[in-house]
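Chemist: Each chain, written out:
Number of protein chains: 2
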Amino acid sequence: MKRPDHDDRTEPACSIARTLEVVGDKWTLLILREAALANVTRFADFKDRLGVAPDILSARLGTLVDAGVMTKQPYREPGSRTRFSYHLTPAGEELRLILAALQQWGDENRPRAVGPSVVRRSADLGRPVRVAFVDDTDTTVPTDAVKFIRTASYPS
Amino acid sequence: MKRPDHDDRTEPACSIARTLEVVGDKWTLLILREAALANVTRFADFKDRLGVAPDILSARLGTLVDAGVMTKQPYREPGSRTRFSYHLTPAGEELRLILAALQQWGDENRPRAVGPSVVRRSADLGRPVRVAFVDDTDTTVPTDAVKFIRTASYPS
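So the sequences go chain by chain: A and B.
Per numbering that gives the first Met the number 0, residue 0 is the first one in the first sequence, and the count goes up by one each step.
Per numbering that gives the first Met the number 0, residue 0 is the first one in the second sequence, and the count goes up by one each step.
It is worth saying that the hints were derived from the structure and are not from the lab.
This one's a predicted model, so the numbers in the text were calculated from it and none came from an experiment.
Heads up, some of the hints might be wrong.
Unchecked claim - In silico SDA-like pairs for lysine to any residue, Cα to Cα no more than 20 Å straight-line:
{"#": "1", "chain 1": "B", "residue 1": "K25", "chain 2": "A", "residue 2": "T27"}
{"#": "2", "chain 1": "A", "residue 1": "K25", "chain 2": "A", "residue 2": "K46"}
{"#": "3", "chain 1": "B", "residue 1": "K46", "chain 2": "A", "residue 2": "P11"}
{"#": "4", "chain 1": "A", "residue 1": "K46", "chain 2": "B", "residue 2": "P154"}
{"#": "5", "chain 1": "A", "residue 1": "K25", "chain 2": "B", "residue 2": "T62"}
{"#": "6", "chain 1": "A", "residue 1": "K25", "chain 2": "A", "residue 2": "V39"}
{"#": "7", "chain 1": "A", "residue 1": "K71", "chain 2": "A", "residue 2": "T88"}
{"#": "8", "chain 1": "B", "residue 1": "K146", "chain 2": "A", "residue 2": "G125"}
{"#": "9", "chain 1": "A", "residue 1": "K146", "chain 2": "B", "residue 2": "N38"}
{"#": "10", "chain 1": "A", "residue 1": "K146", "chain 2": "B", "residue 2": "G125"}
{"#": "11", "chain 1": "B", "residue 1": "K146", "chain 2": "A", "residue 2": "E93"}
{"#": "12", "chain 1": "A", "residue 1": "K46", "chain 2": "A", "residue 2": "W26"}
{"#": "13", "chain 1": "A", "residue 1": "K146", "chain 2": "B", "residue 2": "L87"}
{"#": "14", "chain 1": "B", "residue 1": "K71", "chain 2": "B", "residue 2": "D47"}
{"#": "15", "chain 1": "B", "residue 1": "K146", "chain 2": "A", "residue 2": "A37"}
{"#": "16", "chain 1": "B", "residue 1": "K146", "chain 2": "A", "residue 2": "T40"}
{"#": "17", "chain 1": "B", "residue 1": "K146", "chain 2": "A", "residue 2": "S116"}
{"#": "18", "chain 1": "B", "residue 1": "K146", "chain 2": "A", "residue 2": "R129"}
{"#": "19", "chain 1": "B", "residue 1": "K146", "chain 2": "A", "residue 2": "D106"}
{"#": "20", "chain 1": "A", "residue 1": "K71", "chain 2": "A", "residue 2": "D47"}
{"#": "21", "chain 1": "B", "residue 1": "K146", "chain 2": "B", "residue 2": "G125"}
{"#": "22", "chain 1": "A", "residue 1": "K25", "chain 2": "B", "residue 2": "L19"}
{"#": "23", "chain 1": "B", "residue 1": "K46", "chain 2": "A", "residue 2": "A16"}
{"#": "24", "chain 1": "A", "residue 1": "K25", "chain 2": "B", "residue 2": "G23"}
{"#": "25", "chain 1": "A", "residue 1": "K46", "chain 2": "B", "residue 2": "D47"}
{"#": "26", "chain 1": "B", "residue 1": "K71", "chain 2": "B", "residue 2": "A43"}
{"#": "27", "chain 1": "A", "residue 1": "K146", "chain 2": "B", "residue 2": "E33"}
{"#": "28", "chain 1": "A", "residue 1": "K146", "chain 2": "B", "residue 2": "S121"}
{"#": "29", "chain 1": "A", "residue 1": "K146", "chain 2": "B", "residue 2": "R129"}
{"#": "30", "chain 1": "A", "residue 1": "K46", "chain 2": "A", "residue 2": "L87"}
{"#": "31", "chain 1": "A", "residue 1": "K46", "chain 2": "A", "residue 2": "P73"}
{"#": "32", "chain 1": "B", "residue 1": "K46", "chain 2": "B", "residue 2": "A12"}
Just chain A, same shape as in the assembly (with noise of 0.2 Å):
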């Protein structure tokens, strides 16, 4: 969900920070995962599967709720009360690309000798797919060869 009316004094000028502010957590970026990358959607599903405490389970889904990252709708199964899910909006399903990029980072920089528990595949080739640079004409650039260039709006 954008944010165009939001106050530009209260937030940081950096967009690292203010990303951070929304998923800067563990918790919250395993939340993430779970719904990002396995369609958890179920309270209880998120609870048993991260071992979280519920209480911590539940304030980290409000923020994300309130960020806008994810929307909270009641469901209701036969003979048992009202209980919610959470799905992610399209803001929240471009996490993905963080997500993969941690991913990433982890299977090259701390291997595991059974090889990677999750690969990421394009749905239609099958092919292997990773996180890289790429240019405006879709032309992938080294990592070295990206330059992060101050802009006339960088805090002075």
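Dock chain B against chain A, hints included.
Modeler: Just chain B now, kept in the frame of chain A:
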């Protein structure tokens, strides 16, 4: 620094969790931002730019050195005592992809009215650079066309 000899039994099977063991902390990521994107190396410069308490900074830098993401080197200016600077290893340089993915998400989903404070360009051609999924033929793959597939080493 790769650690092919580490003990699989004590490491999480999830590559994302292993990466977060190294960088899953807001201060750590901000330190890496200064190192990777602004070429900061000196303890005093990290402290001044981030406004972080010296004991926290010292602890975080120590963790990054232990993890093989940075190296610590002594330097001495005329008339001063020996001080230390911190430099990214090749594994540390590869974190640029994670930082850029965080930056891009913030710019797209938490934009500021004044625009991004930092942009990415290719060093040789000066073209805009983004983070994207690409397959093994260097063809870009849309985020929603990437499947995350469990391997045989996924924990049961």
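Chemist: Run every hint past the structure and note whether it holds.
Modeler: Here is what the structure says about each hint:
no. : hint               : verdict
1   : B:K25 with A:T27   : holds, 12 Å
2   : A:K25 with A:K46   : holds, 15 Å
3   : B:K46 with A:P11   : holds, 18 Å
4   : A:K46 with B:P154  : holds, 17 Å
5   : A:K25 with B:T62   : holds, 16 Å
6   : A:K25 with A:V39   : holds, 17 Å
7   : A:K71 with A:T88   : holds, 10 Å
8   : B:K146 with A:G125 : holds, 9 Å
9   : A:K146 with B:N38  : holds, 11 Å
10  : A:K146 with B:G125 : holds, 9 Å
11  : B:K146 with A:E93  : holds, 14 Å
12  : A:K46 with A:W26   : holds, 11 Å
13  : A:K146 with B:L87  : holds, 16 Å
14  : B:K71 with B:D47   : holds, 19 Å
15  : B:K146 with A:A37  : holds, 10 Å
16  : B:K146 with A:T40  : holds, 17 Å
17  : B:K146 with A:S116 : holds, 14 Å
18  : B:K146 with A:R129 : holds, 11 Å
19  : B:K146 with A:D106 : holds, 17 Å
20  : A:K71 with A:D47   : holds, 19 Å
21  : B:K146 with B:G125 : violated, 32 Å
22  : A:K25 with B:L19   : holds, 7 Å
23  : B:K46 with A:A16   : holds, 17 Å
24  : A:K25 with B:G23   : holds, 6 Å
25  : A:K46 with B:D47   : violated, 40 Å
26  : B:K71 with B:A43   : holds, 14 Å
27  : A:K146 with B:E33  : holds, 14 Å
28  : A:K146 with B:S121 : holds, 6 Å
29  : A:K146 with B:R129 : holds, 11 Å
30  : A:K46 with A:L87   : holds, 17 Å
31  : A:K46 with A:P73   : holds, 17 Å
32  : B:K46 with B:A12   : violated, 35 Å
Comparing the model with each earlier hint shows violations of hints 21, 25, 32; every other hint is respected.
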